Structures are given as C-alpha cells and as structure tokens.
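Asks: Below are the chains, spelled out letter by letter.
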Amino acid sequence: MRSLVVVAGNTFKETVRDKILYNLVFFAILLIGASLLLGTLTMGEQSRIINDLGLAAINLVAVIIAIFVGIGLVTKEIDRRTIYTILARPITRVQFILGKYLGLAFIIAVNIAIMFTMFLGTVWVSGNVIYGSLFQAVELILVETLLVMAIAMFFSTFSSSTLSATMTIGVYVIGHLTSDLKAIAEKSHSQLTEAVLTALYYVCPNLELLNIKGQAASGVLVEMGYQLTATAYGVLYAGLLLTGACLIFQRRDF
Amino acid sequence: MDAIVVDGLTKTYKPMWPWLKETTVLSDVSLSVGQGEVFGFLGHNGAGKTTTMKMLMGLLRPTRGSIELLGVSADNVAVHARIGYLPEAPYFYDYLTAEEFLRFYGRLAGLPCETVHQRVPQLLDRVGLTEARDRQLRKFSKGMLQRIGLAQALIHDPELIILDEPMSGLDPIGRKEVRDLILSLRDQGKTVFFSTHIVSDVEMICDRVGILAKGKMVTSGRIEDLVNEHVAQSVEVVCDGVVGDKLAEVKSKAIRILQRGERCLMILPGQDHLEEVLSTLRHAGGKLVSVIPHKGSLEEIFLEQTNRRA
Ligand SMILES: Nc1ncnc2c1ncn2[C@@H]1O[C@H](COP(=O)(O)OP(=O)(O)O)[C@@H](O)[C@H]1O
Ligand SMILES: [Mg+2]
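In order, the protein sequences belong to chains P and F. Using our numbering, the letters of the first sequence correspond one by one to residues 1 to 254. Using our numbering, the letters of the second sequence correspond one by one to residues 1 to 310.
Please note that the accuracy of each hint is not assured.
[As the list claims (entries may be wrong)] Think about it this way: if two alpha-carbon atoms lie no more than 25 Å apart in a straight line, the pair counts; the simulated DSS-like pairs of lysine-lysine are:
| id | chain 1 | residue 1 | chain 2 | residue 2 |
| --- | --- | --- | --- | --- |
| 1 | F | K139 | P | K13 |
| 2 | P | K76 | F | K214 |
| 3 | F | K14 | F | K253 |
[Stated by the list, open to error] Pairwise CB distance ranges (calculated):
| id | chain 1 | residue 1 | chain 2 | residue 2 | range |
| --- | --- | --- | --- | --- | --- |
| 4 | P | V16 | F | T23 | 53 to 59 Å |
| 5 | P | Y202 | F | S66 | 51 to 57 Å |
| 6 | F | G169 | P | T162 | 29 to 35 Å |
| 7 | P | S159 | F | G46 | 36 to 42 Å |
[As the list claims (entries may be wrong)] If we take Cβ atoms under 10 Å as the criterion, some of the chain P residues that face chain F in the derived model are:
| id | residue |
| --- | --- |
| 8 | F12 |
| 9 | K13 |
| 10 | R80 |
| 11 | R81 |
| 12 | T82 |
| 13 | Y84 |
| 14 | T85 |
| 15 | I86 |
| 16 | A88 |
| 17 | P90 |
| 18 | T92 |
| 19 | G121 |
| 20 | K182 |
| 21 | L247 |
| 22 | R251 |
| 23 | D253 |
For the record, the hints were derived by calculation from the structure and aren't laboratory data. As the structure is a computational prediction, the values presented were derived from the model and not from experiment. Built from N, CA and C at the ideal position, the CB exists for glycine as well.
Whenever a hint applies, use it, and build me the whole structure from the sequences.
Replies: Rendered as structure tokens:
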C-alpha cells in the first residue's frame, strides 16, 4: 500500500512538472473570451451556450490529458528504462500500475474540479443560473475520463505509445458511436460487416451513456437511478480494463 | 545460506511469429554467491550477463530454472527491500534533483521519512555528489549518473548489491572509485555481485568469479583455483650458447623456441620435463641464464574459455 502511494505521489509530481496543468490557463482564457463574446446574446440563449461550451471544453481537456498522459505513464517508464530501478524495489507490478493510475486520476480529478469551478464562476458572473444538472454532467465527465485513462493504460501495457494512442482514440470515437454501430450492423447486407460491427458494439464501452451534457446544459436533471447506473457502468468497465492491464503487465519482460 | 543461488537458469525468446526460430540467450546457468563475497560475473558483450541479472531482479521471466536471493524465492518482491540493483547504462527521472531522486528511491524501498532524510546526505557524500545535490539529473554527466545510480542502489543499506557493469563509461579514476566502493561494501559484510567484460576489474577485488560465454557458464570459482586448474603452469627457460642440432633434441619438449644469435628462449608446458631439458642443455655446453615459472592469468583463462565456445 505504501509503495502504491509513493508511485502515485511521484506520478503526480512528474505530471505537474511536465507542465500539464498549463491547460488550465488555456481553459480560463477560453472561458473569458467566450463569455465576452456571448455578452451580446439574450439571457436564455446565453445560458445554454455557455453551459454547452463549458462542459464540452472541460470534457475535451480532461479526455486529452487522460489519453496522452495516461499512455505516457507506462510507456515512458519502459522507453526510458526507469522501470528497471522501480521494479527492483519491494513493489509488485500490480502496485506499480495501480499507483500510476491513481496518481493521474488524482491529477485529473483536481484538474476537472478547478476547470469546473472556473466555469461556474463564469456562469455566475455573467448573471446566469447555476443548474444542479451541471454537477451531474461533470460527475459523468469524470467517470468517462477515468474510463478513458484505463483504456489508455490497458493498451500501453502491451504496445508502443503511438499504437496505444491510435487505439485509444479509436475506442473513444467508436465508444461514442456504438448506438449507430448497432443500427448500421442491423441494416448491413454483408455478414462480415455485420459481425465486425456487432463485435465492436459489444467490446467497446458505450461512452454515450456517460454523456448527458446536452440535457444538462438546459438545466434538466437526470434521474438519480440513471446517474448511479451510468457511474457504476463506467467504474466497473475501468476496473475490468485495469485488471486486464495488470494481468498483461505481470507477464511482460523488460 | 548463500546470498544468490541460481539453478538451471534458461531464457528463450519466442519470436512473434511461430515459424521463426526461437533464440536461447541463456542456457542452464547455475551459480551461487556466498554471503559477504564479492563475485565478478565476467563475459564478453552479448554473453548474457544483463539477461541473468534482470532475471534475478524479476525484470525478465525465466523460461526455466530457479533463483533464490537471500534464501527467498526471487518471485517474492518483498526480498527487494534487502537488495540494491544498478541496471546497465541506467537512466533516471531527469526532472528530479539528486536529493529528490534519492529520497524517492528511499521511500520506494520502504524506508521511513526520518531514515531517508538521514541517509540521503550520507550517500551523496559517499559517491561524491554533495555539491550537485540540488542539480536536476538532466544536467548530470555520464559518470555522475553512474554514481547517483550507485547511491540509489545503496540508499536502503541492502545486504546484497547487484551491479550491472558498474564501471562502464567511467574514466580510470572513476573505475578506481567504484572498485574502492565495492571493497568498502565488502568490509561492511555486504555481498556484491557485479558484471563486467574487463578482466582487470575483477582480478583486483573479487573473491570469486564466474565466466559466461554465449549464454553458458563456462567456469566459476576462486581466481587462484581457476588459475591453477586451467592454465598449465608454463616455464620459461633462457640459455646461451646452444645452437643447431643440440637444440633440436629439446625441441619436442617445448611449446615454443625463440632464437636470437647465441641466446635462446624456450617455453616448456610444465615442470614435467624441466630437469631433463636442463641437463640436455648443460651437456650441450649451454650456459643457463634464467628459469622462470610462469603462472597463467585470469585474462588467459577468460580468452581461452570464451574462444573455445566461439
Ligand atoms: N528481447 C530479446 N530478444 C532476442 N534476443 C535478445 C533480447 N534481448 C537480448 N537478447 C540477446 O541476448 C543476448 C545477451 O544479451 P545481454 O544479456 O544483454 O548480454 P551482456 O549483458 O552479457 O552483454 C544478446 O545476444 C542479445 O542480442
Ligand atoms: Mg550487459
């Protein structure tokens, strides 16, 4: 447990020193710029557009960090051979993977919290209502980000960083299109296409389940049951992928 | 209990495609290192030293064979708390300063904070990096990296220290410093297992050596024993005033005869025919200049043993 915390702490430190958190500055400028531009619109439109824009930006920034930093967590240690001295310590490979994951998860959670606070500040300053649904949306954004991180980590335990990035982005895109996939598969005339698409539908996580941004932007709450189910879905999926990552990592040679 | 017991260690790499041939880089290596010993692991580049050491540290999975470290199976990573390891050509988190770096490894080794704070300055001093303690590792020279690497391996005061080519990339003074460090570890009762491809590195400081060639352990033991066993002790005889026919009589007994004018130098394979040769020379009217028994060197054994496999 202690080793896990030490690895997580170092991951946190490394990410901070890599200046990942500069994204926050970028995000702040974006928000201020957007709200200045939107000042000319009527109140009702303004609220929805700011909410749409803010949630989308939070989501995008978080997912980008999750994918690129998430992949680097393991592949960089292997490429730079720092993994030799880490694994030469009394730390199991599982502790290593989980420590890395938790370190980044913590950073991303803090990051999302800061972005969200800045966003709420903008909403408030521009004189709009802060809807409860915004909190629901951001909670599912966090869940999606944790899931995407697990996907990135899973791929990076057995493939190069470029390949991992490609596959993670692929799964992310397909994950948002799964319902379309099913529809296309059903309409498809080719058996092969149908089989491939159906397989993808079942293998890739359905990330649209975690996307309630549209509804939340106009202030409509989702049911608590849905919120909990979607959260459980994302967390379980991430847990499964992390288990897979650990199993693969256990068997690897360095 | 021995510090390291390796039995029948084998590593085979399976290629991605099943129709390609698999390569065996280490086959059936067995060795043991006693506690408090300095053991030199000698072999040319590509012999399999790094592979062996990585398997000791659990970085590579053995295809076959067993490894015991300090009486515990190497699969149990808890034993790493008592082992220090310096990988070959190490590379570390370069955004950390020397001090932060050692603290991180100390914490990873399971040391409490106070102990880490106490030991970091001691170790920086021991490897001569006190001045550079606030410098980021990215600004370190190769020799400094090697030294901080050694400090990292020693931060938790391990009983067993495994060093992969600790002298490589160092200048003569640096090599001597590493040798002195290893000797001081031995004085503290630590076990040191290190690899090198340079014979003189082991000759001066090792209790025992193992020679690895092409993934096989060709020989191991105390240096004196190896030298006595393996290289027949040749004798060099120098004599004046014996030429032509007379010399032909002793020719069959010698490995090599060199003649320059009056003087002749011959190398006999051992002491067996020494008396016979000497009396022949005397009878021929020769004047004996010198008789020097030659001891083999580790270098000779190393070259002989590794060439035989080539
Ligand atoms: N992943 C691998 N696949 C195939 N062969 C490898 C692999 N890694 C190392 N080898 C081979 O194993 C042999 C031993 O390498 P190594 O243990 O590094 O030797 P040494 O440390 O004694 O110089 C080399 O011939 C090397 O090419
Ligand atoms: Mg090597």
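Asks: For each hint, tell me whether it holds in the structure or not.
Replies: For each hint, the structure was consulted:
1. Pair hint F:K139 plus P:K13 holds up; C-alpha atoms about 19 Å apart against a cutoff of 25 Å.
2. Distance hint between P:K76 and F:K214 is unfulfilled; the C-alpha atoms sit about 31 Å from each other, more than 25 Å.
3. This hinted pair does not check out: F:K14 and F:K253 have alpha carbons roughly 52 Å apart, beyond 25 Å.
4. Checked against the hint of 53 to 59 Å, the C-beta distance between P:V16 and F:T23 comes to roughly 43 Å, which is inconsistent with it.
5. At roughly 43 Å, the beta-carbon separation of P:Y202 and F:S66 lies outside the given 51 to 57 Å, and the hint is violated.
6. The hinted window of 29 to 35 Å between F:G169 and P:T162 holds, with their beta carbons roughly 30 Å apart.
7. For the pair P:S159 and F:G46, the supplied restraint of 36 to 42 Å is violated, since their beta-carbon distance comes to about 27 Å.
8. Residue-level restraint check for P:F12 is violated (minimum Cβ-Cβ distance to chain F is 12 Å; threshold 10 Å).
9. At a threshold of 10 Å, the smallest CB-CB gap from P:K13 to chain F is about 8 Å, leaving the interface hint in force.
10. This hint holds: P:R80 has a C-beta 5 Å from the nearest C-beta of chain F, less than the 10 Å allowed.
11. At its closest, the beta carbon of P:R81 sits 5 Å from a beta carbon of chain F; the interface hint therefore holds under the 10 Å criterion.
12. For P:T82, the shortest C-beta to C-beta distance to chain F is roughly 6 Å, which falls under 10 Å, so the interface hint holds.
13. Contact between P:Y84 and chain F, as hinted, is supported at the beta carbon level, the nearest pair being about 4 Å apart and thus within 10 Å.
14. Annotation: interface hint on P:T85 holds; nearest CB of chain F at approximately 6 Å, less than 10 Å.
15. The beta carbon of P:I86 comes within 7 Å of a beta carbon in chain F, closer than 10 Å, and the hint placing it at the interface holds.
16. Using the Cβ-Cβ criterion of 10 Å, the hint placing P:A88 at the interface with chain F is satisfied: the shortest such distance is roughly 4 Å.
17. For P:P90, the shortest C-beta to C-beta distance to chain F is roughly 4 Å, which falls under 10 Å, so the interface hint holds.
18. Hint status for P:T92 relative to chain F: holds, with the closest Cβ pair at about 5 Å, below 10 Å.
19. Restraint check, P:G121 versus chain F: the minimum CB separation of about 32 Å is more than 10 Å; hint violated.
20. For P:K182, the shortest C-beta to C-beta distance to chain F is roughly 34 Å, which exceeds 10 Å, and the interface hint is violated.
21. Hint on P:L247 is violated. Least Cβ distance to chain F is approximately 14 Å, over the 10 Å limit.
22. Interface restraint check: P:R251 against chain F, minimum CB-CB distance 7 Å, threshold 10 Å, status holds.
23. At its closest, the beta carbon of P:D253 sits 5 Å from a beta carbon of chain F; the interface hint therefore holds under the 10 Å criterion.
Consistency note: the structure conflicts with the earlier hints numbered 2, 3, 4, 5, 7, 8, 19, 20, 21.
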